[in-house]
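Peer 1: In the order they appear, the protein sequences are chains A and B. First residue of the first sequence? That's 1 in the UniProt record's numbering, and the numbers climb one at a time after it. First residue of the second sequence? That's 1 in the UniProt record's numbering, and the numbers climb one at a time after it.
In short, the hints are calculated from the structure, not lab data. Here the structure is a predicted model, which means the values were calculated and not measured. Incorrect hints may have been included.
[Said to hold, decoys possible] With a straight-line Cα cutoff of 30 Å, these simulated DSSO-like cross-link-like pairs (lysine-lysine) come out: (1) Lys-239/A - Lys-391/B; (2) Lys-239/A - Lys-372/B; (3) Lys-396/B - Lys-372/B.
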Amino acid sequence: MAEVKVKVQPPDADPVEIESRIIELCHQFPHGITDQVIQNEMPHIEAQQRAVAINRLLSMGQLDLLRSNTGLLYRIKDSQNAGKMKGSDNQEKLVYQIIEDAGNKGGDWRLKLWYLHIVTYALNQVCHHPTPRHTFFIGCFLCSRRIWSRDIRYKSNLPLTEINKILKNLESKKLIKAVKSVAADTARESKQNPMIQRNSSFASSHEVWKYICELGISKVELSMEDIETILNTLIYDGKVEMTIIAAKEGTVGSVDGHMKLYKAVNPIISPTGLVRAPCGLCPVFDDCHEGGEISPSNCVYMMEWLEF
Amino acid sequence: MTQAEIKLCSLLLQEHFGEIVEKIGVHLIRTGCQPLRVIAHDTETSLDQVKKALCVLIQHNLVIYQVHKRGVVEYEAQCSRMLRMLRYPRYIYTAKTLYNDTGELIVEELLLNGKMTMSAVVKKVADRLTETMEDGKTMDYTEVSNTFVRLADTHFVQRCPIVSATETAEPTPPPPAPTLVINEKDMYLVPKLSLIGKGKRRRSSDEDAAGEPKAKRAKHIESKEPIPDDGIYWQANLDRFHQHFRDQAIVSAVANRMDQTSSEIVRTMLRMSEITTPSCAPFTHPLSSNEIFRSLPVGYNVSKQVLDQYLTLLADDPLEFVGKSGDSGGGMYVINLHKALASLATATLESVVQERFGSRCARIFRLVLQKKHLEQKQVEDFAMIPAKEAKDMLYKMLSENFISLQEIPKTPDHAPSRTFYLYTVTVLSAARMLLHRCYKSIANLIERRQFETKENKRLLDKSQRIEAIIASMQATGAEETQLQEIEEMITAPERQQLETLKRNVNKLDASEIQVDETIFLLESYIESTMKRL
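The shape of chain A in the complex, shown without the other chains:
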């Protein structure tokens, strides 16, 4: 796991002072303060600077970020927990950096963190199978930036265990919640589901008829029966197989309550061994015997075949 150097932007003019003021405020209101309170307290600083300071405090683990029905709350964090977060500080920065990069929006990661109010995230379930069963994504409701946690892993080169730890930490801070993506699930399921795969590869005779008509390759008007006759010859060529399904009277293309579906197939065996030898295709096979005019020893077909 290569330690990616994260560029730490130098704080603004009085960031330390802003931060210490915010800390003071938090100590004043142990239940948490809103952004509005900070704004009232320090009206002269811009929102940008405010955000920077808050992010920095959050990342240093001195503040807790909470959500209430009114808005966001910042609460002073217990000192004993502050130390724990420090260790993963760099890595967390890294993880968020990657998320931010995926969103194609530049800028200070700390600022973005402030905007990541609730981050839905997921974990690749640790499994021993080659393809993961459940894959979640990390995204933000506000800015709809998404990135698969798998990509985070690849880009940060952090091992899965580290990523899990970081995300669990964030989860314990109530910043993020595990939510399964329903859309991703159905997409993946339909890819694996053999029934759906198979049914999608069928074409009804009606569809084929429409396609041929639209192509306009035939000068004569072809009816659906004609198309079916042609498709039958393809069945006798062994290239197509047909199934009949029951269909309601109303559905398009159904005749007498059933529909014919056609699908291209492969032959079940490759050309058999006998036809690979010259004797399998020989026209004078019955006249051939040792010591005769036509014999294996003087067979011209064999000679040509051996020279091949």
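Please build the complex by placing chain B on the supplied structure of chain A, with the hints as guidance.
Peer 2: Positioned in the frame of chain A, the structure of chain B alone reads:
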């Protein structure tokens, strides 16, 4: 036995065992059961030679004997078993893929020697493997024994029938020929042997130096040591190999028609029925979906739901290889072995028609196959082929016996103008006809190979002599220039000729094995059909 089969057996016996055995063997095939003296008389060979020839044939399970009334022992040739000699390379290759080089050599030794005791096999295989290993390394007996035990557990090798040890109250004279029996339970039971040792490398220097005394000593030692499993002989179980080939063919057919996962599921089902279902059964035992799920190979991440869907798809497929026989245990599924073999045989027929007569003929063939009975006019309509061409193609196939005519008279006098003539395909008779053609083809290929070798006999002898000279000179330490001089005795065009000969012989050999694959499919189908009738 048809002429083609007799010819093929004669060629095979000659190649494997020589003139005398071939003469006796062919005579027995032609005439059926015969006692010893009659054989000697009819073939005009000495009694001694006939006895030796029969020994060889019996050792390889090619001839069986029976005691008839009045104490006459009669010998009968097994023609079908003789034709299996064509398939030896395929058996050995299968053993190699399943059990690596050790398994390959074990099966090869058993096939070449007919019947052997386990200790003899282990010793010989260990020696052979040691030869190929690097200097200083030897093959341990235990590893070879383990592979042997695994082969026995999966039924690829089996015990030969032995003389039944019956206790006789009074000493009766022994019967003219022993009756051999084998208990079902004992057939795959490996005796508990403690085979300890390592393979020995055959050193040419030792042989030269020691000379006579060592050879005498070695023989003396060998005869003194009692062989622990004397009397327990093993042979290769060809039926089990045939079952394996059949399973392979079915799995690859499913993979071609459907996808990889379905073929893996079918492979799992066949593996589960390996030991439980007899080889000639039309259906495997019903397997529940839960069992199949548990037996899927590790690492195959198919959920139970997806497996159920695959099984439903397999059961509904027009191929009809898999059928559903009940709903207990999440759904009971069977593999329809007879239908699978029939489909494979039909596909073989279609392939032959396509290659020989063209794809339009193949279309007509498949059409008649599907519709069972058709009139001339109907054939033209369905296949969308002009009347004249359709007629021509039908008659061509009729003359080659792929298609037959069924007459249905309208009037009692069978007047041609008032009779329906329906074209139909009887797969069984077409398969038999094709099988006969296969036998003759292989005989032709073998004859051509022998002819090519005979043509270049002089050249082959010369090259062998030169190789022997070079080898002996290298052993005695000759100079590089001398070796080159000898090598130049073979001129460049001669070398070219040798290369061509080698290529041709290999090609003919490979072609024999390919035609044998067709023979296997057709024979399996015919056997399966005859069992059901």
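Peer 1: Decide, hint by hint, whether the structure agrees.
Peer 2: Okay, the hints, checked on the actual structure:
1. Lys-239/A - Lys-391/B: holds, 24 Å
2. Lys-239/A - Lys-372/B: holds, 20 Å
3. Lys-396/B - Lys-372/B: Distance ~19 Å between Lys-396/B and Lys-372/B Cα, so the pair holds.
Taken one by one, the earlier hints all hold for this structure without exception.
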